[in-house]
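2 protein chains.
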Amino acid sequence: MKKLNYVDTGFLLAETRETPMHVGGISLYTLPEGVDEQEFLHSLADNLRDVDRFLPPFGDRLKIGPLGLAGNVYWEPDPALDIDYHIRHSALPKPGRYRELFNLVSRLHGTLLDRNRPLWEMHLIEGLQDRQFATYTKTHHAAVDGARSIHLARSMLSVDPTTRLPESPLSLTAWERYRAGLELKSPRNFTDQEIRNVADVLKARMDSGAQVYGALKRFTMAWAGQGGALALPFRQVPRSSLNTSVDSARRFVAQSWPFARIRAVGKAFDGTFNDAVLAMCAGALRTYMENHAELPAESLKALVPISVRAEGDIDSSNAVAAISADLATNIKDPAKRFVAIQESVRAGKAFYSEMSPAEVTLVSMVMQAPAMLMMQLGLADRLPSVNTTISNVPGIQQPMYWNGARLDGSYPASIVTDGMALNITLVTYDKNVDFGITACRRSVPQAQRLIDYMEQALAELEVAAGLVKAKRRAKPKVKPKAKAKPKAKPKAKAKPKAKPKAKAKPKAKAKPKAKAKPKAKAKPKPRPKAKPKR
Amino acid sequence: MKKLNYVDTGFLLAETRETPMHVGGISLYTLPEGVDEQEFLHSLADNLRDVDRFLPPFGDRLKIGPLGLAGNVYWEPDPALDIDYHIRHSALPKPGRYRELFNLVSRLHGTLLDRNRPLWEMHLIEGLQDRQFATYTKTHHAAVDGARSIHLARSMLSVDPTTRLPESPLSLTAWERYRAGLELKSPRNFTDQEIRNVADVLKARMDSGAQVYGALKRFTMAWAGQGGALALPFRQVPRSSLNTSVDSARRFVAQSWPFARIRAVGKAFDGTFNDAVLAMCAGALRTYMENHAELPAESLKALVPISVRAEGDIDSSNAVAAISADLATNIKDPAKRFVAIQESVRAGKAFYSEMSPAEVTLVSMVMQAPAMLMMQLGLADRLPSVNTTISNVPGIQQPMYWNGARLDGSYPASIVTDGMALNITLVTYDKNVDFGITACRRSVPQAQRLIDYMEQALAELEVAAGLVKAKRRAKPKVKPKAKAKPKAKPKAKAKPKAKPKAKAKPKAKAKPKAKAKPKAKAKPKPRPKAKPKR
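Line by line, the protein sequences are chains A and B.
Under the working numbering, think of the first position of the first sequence as 1, with each following residue one higher.
Under the working numbering, think of the first position of the second sequence as 1001, with each following residue one higher.
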């Protein structure tokens, strides 16, 4: 039996019916040509279910001792694992747009996992238009961290559309084959010296070298501005509707943009791709706050995991640190806003520049824990430390296939908590950037508008960077939402000969595909100099 | 603001993530001729959403004071009621059999309601075969009792297929019109004398006249056999897999039988319809336990709400009392088993015979509370008081319509708790009896087999009563399950001209329609003498 570590148990402790601690997301696929949807989805499900030995902890359930979660918690094999409980078929009501998909996933993402079983679910979702189907996965954060879940997702995929998985991607055999294929060094353990170095870093910043929990406690106080001399700009975070107590209902929306567009904006400002993502989100949040008449005088802050790994370092899973980025939402001019964001990110990165990747990992683990402590202390909505989280997860830069079905995009669904009612996570995949927005349904009632505002912000940045001319600026932004309810609903039944085709309906609305959006509004072409190189 | 009473708050207190305290059920409808499914379902949803003032507490959320649930709890109007959260469109994956419906409802019934919103959800479910659609409703037991929810369901329905609801059945206006149509006396309050009479009954049985909570506590001890002289046969309940701690996942299955068949068995044994229902369930439970090699030497006991109202009494909503019925599962002979059950029910009813309906109501309220207390004391799975619950809810004896859609059946989904992992609730409707079985997915992994065993038990009773000849007794029972996976799946897409018709697929399997089952196995015709009279 494997014992859960402090952080994993923390996710169990911090979980309430209002703040489920699972992560997941939607993946969109296109059916291979010529296959029948039902048959193909059943074959995928059969393959997923066909597990001899599970990759831990997908076959394990929690074993909680007499002291409860405060004591030791272990993984033990579920003696009566009920695979049909975990692998599920779902369907969308007609007309099967992304709107219906997001509605379903919003509901699924808001309910708790069963703690008496292995802590994951996977839905195969039928009923989309254009021969697409989707998966929605949901895994407890106590069971997998981000790196593990990305690797798991990748282990299912192949660059070759003719590849078929010989066994379930949830099986230990498949995992071992995948690892072997990666030719990765096995993950190394931290040396005592590295741990001591990190303890020194923490000691220097928190005036404390006590055991982890005590350190974290002090760290929390420092974060909240009540002592310590923490260098990071964690104070002076404005209050907003993003930083209230959350309820259990979620809204999930998603959208893709071409990587080239966002990258071009970054380059034009001598910044990074990630700077451009932050500027795009910052612009959208500013518009959202303005439209809700609550734009704070101080800038919103975002928790931003950043990559700090050295060139050529492929021991990649954990070389990520978290900084608090200033989103400069109090600055109206997009160009000036970009520069302010960029400077804030640079300052944050400088903090880590003298550490080794392993030390960075340890510090980050500690740094991200206070949010959980804040929650447990019930302080989260009174002492907001950041307003939101914006995570950029590096993905795969070429088309991938799952048993022949092309992956069209994958959109992460994450955790919102008291004090942080909005999470934006993005994955780069193929030629796109796939954004998943997870929000508390009550605190952020119009999360879907953020998608429009992000497009608007990106377009403004392109103009500010001189990448495109400012046409149509006087005109109010395109509102694809208005098209959502066609007057004459397509009557599939009335003409049974014609397979109800998605084409008959407006698609621009919520389509998480990069190409759909730009088409709708005279796509700005990136200049040659801004061509993405990666 | 209306204050919640002790019992309602109890349902909130007793709720955990493993034991959600909501009730609900599936209703099956057939689309009116000629209408388009999507259009019709959207018109139903629009009508449901069109509420000016909500029937309380459908527009109210909980307001919990500083003392939490231990203090006063009130209903207050939800200031930002989000009707789209409550009225939901859902769909079944293909082929859209009842199996897919039960899978979906099992999942929906296992998740908690959002406590920050009005405590109900309603799903409109598309994708069934044969132009059927379904609703699944879910309402917290703190918000509605059984009587209220039945009345609400009825207020939507009409005997006239041409009736269209002028306003949402969730609106106060609709409710007031419905009440006026009933010409009911307004529900009267209990007199002090009645309350004192009941206190005397409790005092006599529990040697205590203290305030309610104290009384209930002692009552619990008496129930558990630790003092008091409670006359009811609540002790000597065998342990079984039905009486373990439950987890949060549910299984829900449903089936209809002709009222005439069950009634005929009751008549033939000089018993009631309810006696026959209990005998049918008892036979099924005996088979289930035998097949799981755990048939206890002692008989299983069921909590059975019984009607104790006098002839002609129409103040019907609450004249129900609960008894513990001996299911005589230790008796092999069906006829002898029937007689034993009948005697046990008579003894239980005798307990109430000298009370007024109002007194009975009060006693029952108190009697059903200990299960909640047992849960709170964590004793439920160690001291089982009954093994299961079998509730018979009187319904409407003629076809009903919802905006023109014929109601084909309605199947209640109820609560399971630690110590009681199985609930059987039935409603009589039109010419059928609609059974809904709610079970803990882990403790009762094969709940769907109970449906087959119930048919088997009913057939045995018909033979024992001399209603039909014992044909095919040597042959093993028909297993429609085996047909569930047709080798060649119908390829709807391959022949787009043919609207995928339900007829192409096997239907007997999980069809909750009375006619489907008997057809599959040489339907035994009730003798003339057993003809149902009601």
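Among these hints, one or two may not hold up.
[Unchecked claim] Simulated coverage check for chain B against chain A, where a stretch passes if three residues somewhere in it have a Cβ under 8 Å from a Cβ of chain A:
#1 1071–1085
#2 1093–1101
[Claimed, not checked] Restraint-style ranges between C-beta atoms, simulated for each label pair:
#3 B:P1079 - A:A347: 39 to 49 Å
#4 A:E33 - B:P1166: 46 to 56 Å
#5 A:E76 - B:R1053: 22 to 32 Å
These are computed hints drawn from the structure, not numbers from a lab.
For every residue, glycine included, the Cβ atom is placed at its ideal position computed from N, Cα and C.
Against the structure, the hints come out as follows:
no., hint, verdict
1, 1071–1085, "holds (count 3)"
2, 1093–1101, "holds (count 4)"
3, B:P1079 - A:A347: 39 to 49 Å, "holds, 41 Å"
4, A:E33 - B:P1166: 46 to 56 Å, "holds, 51 Å"
5, A:E76 - B:R1053: 22 to 32 Å, "violated, 53 Å"
Checked against the numbered hints above, the structure violates only hint 5.
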